[in-house]
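Asker: Guided by the hints, dock chain B onto chain A, whose structure is given.
Chains A and B supply the protein sequences, listed in that same order. Mapping of the first sequence onto the numbering used here: residues 1 to 456, in sequence order. Mapping of the second sequence onto the numbering used here: residues 1001 to 1456, in sequence order.
In case anyone wonders, no lab produced these hints; they're calculated from the structure. Since the model is a prediction, treat every value here as computed from it, not as a measurement. Heads up, some of the hints might be wrong.
[Said to hold, decoys possible] Taking lysine to aspartate or glutamate and the DMTMM-like style, the derived pairs with C-alpha atoms no more than 25 Å apart in a straight line are:
# : chain 1 : residue 1 : chain 2 : residue 2
1 : B       : K1306     : A       : D264
2 : A       : K278      : A       : D264
3 : B       : K1265     : A       : E211
4 : A       : K265      : B       : D1422
5 : A       : K265      : B       : E1210
[Said to hold, decoys possible] What follows is a set of in silico ranges between Cβ atoms, one per label pair, in the way DEER data are often shown:
#  : chain 1 : residue 1 : chain 2 : residue 2 : range
6  : B       : D1345     : A       : S289      : 32 to 38 Å
7  : A       : D208      : B       : A1248     : 18 to 24 Å
8  : A       : F421      : B       : R1339     : 43 to 49 Å
9  : A       : A362      : B       : D1039     : 37 to 43 Å
10 : A       : S289      : B       : S1289     : 22 to 28 Å
11 : B       : A1021     : A       : P123      : 37 to 43 Å
[Stated by the list, open to error] Here are a few chain B residues that face chain A, going by a calculated C-beta distance under 7 Å:
#  : residue
12 : V1254
13 : E1290
14 : L1316
We put the beta carbon where it would ideally sit given N, CA and C, even for glycine.
Number of protein chains: 2
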Amino acid sequence: MNLADDLRLPEGVAALLAPLAELNTADAVEYLNTLDREDAVAAIGALSSARAVKILEQPELHHAGEIVALLAPERAAELLGLMADDRAADLFHELDETEREQLFARLGAESRQAIRKLMRYAPATAGALMTTEFVAVPADWTVGQTLQYVRDVERSRETVYAIYLLDPRQRTLQQVVTMRRLITGDMEAPILSVAQVNAPVTVEPNLDQEEVARLIRRHNLLAIPVVDVQRRVLGIVTVDDILDTLIAESTEDVQKFGGVAALDKPYMQIGFFEMLRKRAGWLSVLFLSEMLTASAMQYFSDELAKAVVLTLFIPLVMSSGGNSGSQATSLLIRALALRELRLRDWWRVALRELPTGAALGAILGVLAIVRIAVWQQAGLYDYGLHWPMLALTIGAALVGIVTFGSLSGSMLPFLLQRLGFDPASASAPFVATLVDVTGLVIYFSIAALILGCTLL
Amino acid sequence: MNLADDLRLPEGVAALLAPLAELNTADAVEYLNTLDREDAVAAIGALSSARAVKILEQPELHHAGEIVALLAPERAAELLGLMADDRAADLFHELDETEREQLFARLGAESRQAIRKLMRYAPATAGALMTTEFVAVPADWTVGQTLQYVRDVERSRETVYAIYLLDPRQRTLQQVVTMRRLITGDMEAPILSVAQVNAPVTVEPNLDQEEVARLIRRHNLLAIPVVDVQRRVLGIVTVDDILDTLIAESTEDVQKFGGVAALDKPYMQIGFFEMLRKRAGWLSVLFLSEMLTASAMQYFSDELAKAVVLTLFIPLVMSSGGNSGSQATSLLIRALALRELRLRDWWRVALRELPTGAALGAILGVLAIVRIAVWQQAGLYDYGLHWPMLALTIGAALVGIVTFGSLSGSMLPFLLQRLGFDPASASAPFVATLVDVTGLVIYFSIAALILGCTLL
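Bound-form chain A, shown alone (with noise of 0.2 Å):
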């Protein structure tokens, strides 16, 4: 096949790409979007490797390792060998077993090495997001040198902005140079004279991928360096693969505040049954834990049977324990993502939401008492004989029950980190749950107390 031949695309190849040139590669991601497997699998085969080899880097681009495993095993290796090899070990992980030993058998010795390398570390580590495609020169190079250098090797880096600079004989990490100041250094001076006088911050590759966020914006980076225990470098992590990762994680904390496993995909792909695999589960767990709301009702049956009027509220008291529990919740989970909190600072909050809790409790217990008052006395419902004394039932109760779902919402996040757990898996529901059945007991006891010797 000449060239002339590989420039003689099928006609419905060429329509898939016309509109492909005018665009930019993230426009270029969002057009093959729309299409469906086959057309995109076609026009990314048709396209120059380089634009390819860019569009395939997106981690946008929808389907990507399945594109890949349907385009001619040649031109697969090739892409994949001029990809960054932290995205390529991600597409590599979409495929299985046959597909991945067939395009491994293409691949040059170095690129495989790379990437089945990366793909050993465990997802949304700082291992798997790294790149091994960075700069590193010997300490006592010049800075001449280590520009020259940067030169020749600068389009196979994923980044060249960060220069680490490796002890000559033992190859450990000693130091780090920014581009900024390498370009302003003279050309005869030692590189060490425009290196960062602090010691470089470094990263372990199995650290979380949420920690080595807050590592690269704590410290303003745009790279930080992966080093094994001896202090070699293994990678670097990128401030674009931190974005895409914050983005992830926002997500992720959404849903688990909404009490979804979080989803892997984008809402539309995911297919029905596996939609409803994803919120069945929490919701039966929860379902099944609000049984108990049944089982309280139960054991009060008597007192509601004497006392129907009691039973007008139970949607309103019980609902201000779960909105005041999601607010605290709310609050504590992003406290503790931030590092505003510790562990340790548990009590502290505590005696902040005990008074907070009640401070709300009473607000809303003078507007259900007005809210009483009011129907009573406009004739708009009758509560019977005793309304003043369940109007002071429903506020008391409020006070007991915004106190209650205020201090277990802010102390469930805490609980959560202690067992191990993400304190951003506490969900909006399961605290309403929580504070539900609680809220049920309480409200009947003050009823019961109140209440006693007129209603009950």
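Answerer: Structure of chain B alone, referenced to chain A:
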């Protein structure tokens, strides 16, 4: 005062400064946050200007505005003049009118003008986030000229990794050159020869910061230029500002979803009454809406009196609606935030949520029927003669309520977006309240239908 005087620090300040010597910037900020106000001011006042500026530039430093206001005015003006102008503008925002004017008077004309300009933009927009300290050169320069210029101005620019090429006459933005391409270029070649091929991605100053973050991430940029209508560059937003933005937005989203007005300070720094204000507002609104449940119950009080057994399951049935609603809301908030879905896709979502909700409701319905049957048969509780009809009522009500919950929970973010609000303003407690009132009506209607000729 000579230098020797300057170096003889009061003993207290020396003790405060001692730990700072060993710490990098981020750790120094953390240490200063543990000091009380006066000590922090004394410590920052006594540091070298370069160090003090680096520390004041960290958004993690607490009460930075107050600290600047408490420094000697000449010192404060000096540090503000040396700081990145976007961060200086943030600090000016925290000062009161008199403090502001006093410091402005002492600033250099250039800094003053830059900061005043930045302060004019609405918070949380590209204009408010941007820095004016970027590198721009005429597009007819050579690579060598540009590199020399970057070397000269490097110290005073927030980033030099993106260089903006301006039309030599109109000063409008023509192209962008990255530092990595610049250093590989031939010194004599025109700078345009190493520029990016695609038109630069730009934003206008009023664009919301979430949108700016999305574009930076989408195009894997280290900085994005902010341009006016004539395409003159006003400033740039850098990726480290975006990291901070994403963290703040994610905190806001979780807090809003929990039903709290977003806090602008760490949890422990918020006073008792401010905390009450942030929480009582929403809690009271929800409470007043939830009062409709009492009205609904009052409406059905005859049925309640006749069949107290119905009340036993009210909390269970109602909470299931709220939980399924909050699941659906959390999914859709993120799908809309990530642009996986557009406003016009609402009906596709509705068509998915209807069968999903019905299936989830059926699962819970079966659980409830089994529960009632087991309790009845095992003699744990007597639901009366018509218990199979009661079980059927609960099961059917769950299908109806969970379907309604999923549907309204998924539509709420669309509705908010349509009305011009942030879809992330939809909170779990809000959805629960919405579903509770309707849920009660569904429950009693189904009960009337099924139990009409027996219990009721």
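Asker: Hints first: check each against the structure and report whether it holds.
Answerer: Evaluated hints:
no.: 1; hint: B:K1306 with A:D264; result: violated (49 Å)
no.: 2; hint: A:K278 with A:D264; result: holds (10 Å)
no.: 3; hint: B:K1265 with A:E211; result: holds (21 Å)
no.: 4; hint: A:K265 with B:D1422; result: holds (22 Å)
no.: 5; hint: A:K265 with B:E1210; result: holds (21 Å)
no.: 6; hint: B:D1345 with A:S289: 32 to 38 Å; result: holds (34 Å)
no.: 7; hint: A:D208 with B:A1248: 18 to 24 Å; result: holds (21 Å)
no.: 8; hint: A:F421 with B:R1339: 43 to 49 Å; result: violated (31 Å)
no.: 9; hint: A:A362 with B:D1039: 37 to 43 Å; result: holds (38 Å)
no.: 10; hint: A:S289 with B:S1289: 22 to 28 Å; result: holds (25 Å)
no.: 11; hint: B:A1021 with A:P123: 37 to 43 Å; result: holds (40 Å)
no.: 12; hint: V1254; result: holds (5 Å)
no.: 13; hint: E1290; result: holds (5 Å)
no.: 14; hint: L1316; result: holds (5 Å)
Violated hints for the displayed structure, listed by number in ascending order: 1, 8.
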